[in-house]
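Engineer: Each chain is listed here by its residues.
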Amino acid sequence: MRILYFAFLRQRTGLGEETVETPAEVRDVAGLVEWLKTRGPGHAEAMRDVSAIRVAVNQEFAGMDTAIAANDEIAFFPPVTGG
Amino acid sequence: MRILYFAFLRQRTGLGEETVETPAEVRDVAGLVEWLKTRGPGHAEAMRDVSAIRVAVNQEFAGMDTAIAANDEIAFFPPVTGG
Amino acid sequence: MTVKVQRDDFDVGAEIAALTAGRTDIGGVATFLGLVRDIAGGEAVSAMTLEHYPGMTEKMLADIESQARERWALDEILIIHRFGRLEPGDRIVLVATASAHRKAALESCEFLIDWLKTRAPFWKLEETGQGEHWVEARESDDEAAARWEEAPRKAAE
Amino acid sequence: MTVKVQRDDFDVGAEIAALTAGRTDIGGVATFLGLVRDIAGGEAVSAMTLEHYPGMTEKMLADIESQARERWALDEILIIHRFGRLEPGDRIVLVATASAHRKAALESCEFLIDWLKTRAPFWKLEETGQGEHWVEARESDDEAAARWEEAPRKAAE
Numbered sequence: 001m002r003i004l005y006f007a008f009l010r011q012r013t014g015l016g017e018e019t020v021e022t023p024a025e026v027r028d029v030a031g032l033v034e035w036l037k038t039r040g041p042g043h044a045e046a047m048r049d050v051s052a053i054r055v056a057v058n059q060e061f062a063g064m065d066t067a068i069a070a071n072d073e074i075a076f077f078p079p080v081t082g083g
Numbered sequence: 084m085r086i087l088y089f090a091f092l093r094q095r096t097g098l099g100e101e102t103v104e105t106p107a108e109v110r111d112v113a114g115l116v117e118w119l120k121t122r123g124p125g126h127a128e129a130m131r132d133v134s135a136i137r138v139a140v141n142q143e144f145a146g147m148d149t150a151i152a153a154n155d156e157i158a159f160f161p162p163v164t165g166g
Numbered sequence: 167m168t169v170k171v172q173r174d175d176f177d178v179g180a181e182i183a184a185l186t187a188g189r190t191d192i193g194g195v196a197t198f199l200g201l202v203r204d205i206a207g208g209e210a211v212s213a214m215t216l217e218h219y220p221g222m223t224e225k226m227l228a229d230i231e232s233q234a235r236e237r238w239a240l241d242e243i244l245i246i247h248r249f250g251r252l253e254p255g256d257r258i259v260l261v262a263t264a265s266a267h268r269k270a271a272l273e274s275c276e277f278l279i280d281w282l283k284t285r286a287p288f289w290k291l292e293e294t295g296q297g298e299h300w301v302e303a304r305e306s307d308d309e310a311a312a313r314w315e316e317a318p319r320k321a322a323e
Numbered sequence: 324m325t326v327k328v329q330r331d332d333f334d335v336g337a338e339i340a341a342l343t344a345g346r347t348d349i350g351g352v353a354t355f356l357g358l359v360r361d362i363a364g365g366e367a368v369s370a371m372t373l374e375h376y377p378g379m380t381e382k383m384l385a386d387i388e389s390q391a392r393e394r395w396a397l398d399e400i401l402i403i404h405r406f407g408r409l410e411p412g413d414r415i416v417l418v419a420t421a422s423a424h425r426k427a428a429l430e431s432c433e434f435l436i437d438w439l440k441t442r443a444p445f446w447k448l449e450e451t452g453q454g455e456h457w458v459e460a461r462e463s464d465d466e467a468a469a470r471w472e473e474a475p476r477k478a479a480e
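Protein chains in written order, with our numbering: chain H, 1 to 83; chain L, 84 to 166; chain G, 167 to 323; chain W, 324 to 480.
Derived from the structure by calculation, the hints contain no laboratory data.
Note that CB positions come from ideal geometry on N, CA and C, so glycine has one too.
Do not take every clue at face value.
[Stated by the list, open to error] If the Cβ cut is set under 8 Å, some of the chain L residues that face chain G in the computed set are: (1) Phe89; (2) Ala90; (3) Val140; (4) Gln142; (5) Pro161; (6) Pro162; (7) Thr164.
[Claimed, not checked] Using 30 Å as the maximum straight-line C-alpha spacing, the simulated DSS-like pairs for lysine-lysine come out as follows: (8) W:Lys426 x G:Lys269; (9) W:Lys426 x G:Lys170; (10) W:Lys327 x G:Lys269; (11) G:Lys225 x W:Lys382.
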């Protein structure tokens, strides 16, 4: 699973992108967020306030309850501010 | 008095502009139109249908009842079609 | 504030660049570029000649510019209008409005081009397969300009 | 239909000329050029960095272009959006819409820039005297984009 981080999430995790293998119980975005928080203090801090985070699954806006699978591209970012 | 003609009025009178001295009884645009019609068949034809003519006195839109004076610039043209 | 009524063509990029040169307070420039179409009123047009009333045109254009400035917070306004004989594809008119905020730029640009396309003292002689004819004023255009004659307002954003 | 998301600057005049080159059926081109302002939210801005989501940006831009084509009779649409570090006065975005009729061009241009300014997947990092900060989404911008989410329509003229 490919995870992308933008804006403050990229800064706080210190990563633009990472490839992870999640445990079987991670089946939706909410589960992924909880699991990512355990990867380190930067991740935990970045994902602390989920209300400030938007998510896209395979480049489509998604919600916390959106199902995810092993080959998905999942991006986390703040609400878009436009160009 | 300087008279300007545009579009079909220019074509029918055969004139882009002419300077005229009108008799004292010509005091408004309507009077001027009647007097101009007497200047020749081209003028008469150009001014036959006054509903198809618009007028400006000193570069401001005017009406048939607008008063005119010796040094005025009076322009006759069709309704504008814009650029 | 610039109004040019000219026979010559103009350079859109250079005009917009000049409008914003050295400025860092302009958030957006809205422009409308009008071109000659090869068809008008369902008829093929091979060329058209735009006649105008020199002096009155510039005066009216300056006046409509002032009205736009009263209604919207604008940094710059540019109007260029050509006259003379033009062929399909040729540039006719350019309106550009610059403002800190995009809504003021967009609305004022539309206001100005609606006015130019309907109220400016220009007359069009079209050349078609059936010869030449003077174009008559169109009602739908008058309606577009009339929309703007409601209560004045100044866009907040 | 052209969408470009790029780091490099662009040439407005060349882009508009390319859009209409050899065409005689286009009556007008509406454009909006967005520039970096030296002030934002009342604060002096010395530079900003636009970050985007490569891939998703292009996909969303292509989608909004399709929506514009469904609503309006358009001959051409061009969207160029820059990313990376930009300074006050720099060009950020260009939207150009070409149509036989000016109303379709003007309305669709406004629709697209409202969308780009609010919904496009970009994030802005502003540099000010107080350091750097990520710009937060603005409500007034959301309202501008929301206006377009009423019943779809196709402008007749």
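Engineer: Now look at each hint and say whether the structure bears it out.
Structural biologist: These are the hints, each one checked on the structure:
no.	hint	in the structure
1	Phe89	6 Å, holds
2	Ala90	4 Å, holds
3	Val140	11 Å, violated
4	Gln142	4 Å, holds
5	Pro161	6 Å, holds
6	Pro162	4 Å, holds
7	Thr164	5 Å, holds
8	W:Lys426 x G:Lys269	16 Å, holds
9	W:Lys426 x G:Lys170	24 Å, holds
10	W:Lys327 x G:Lys269	24 Å, holds
11	G:Lys225 x W:Lys382	48 Å, violated
Hints 3 and 11, counting from the list given before, are not met by this structure.
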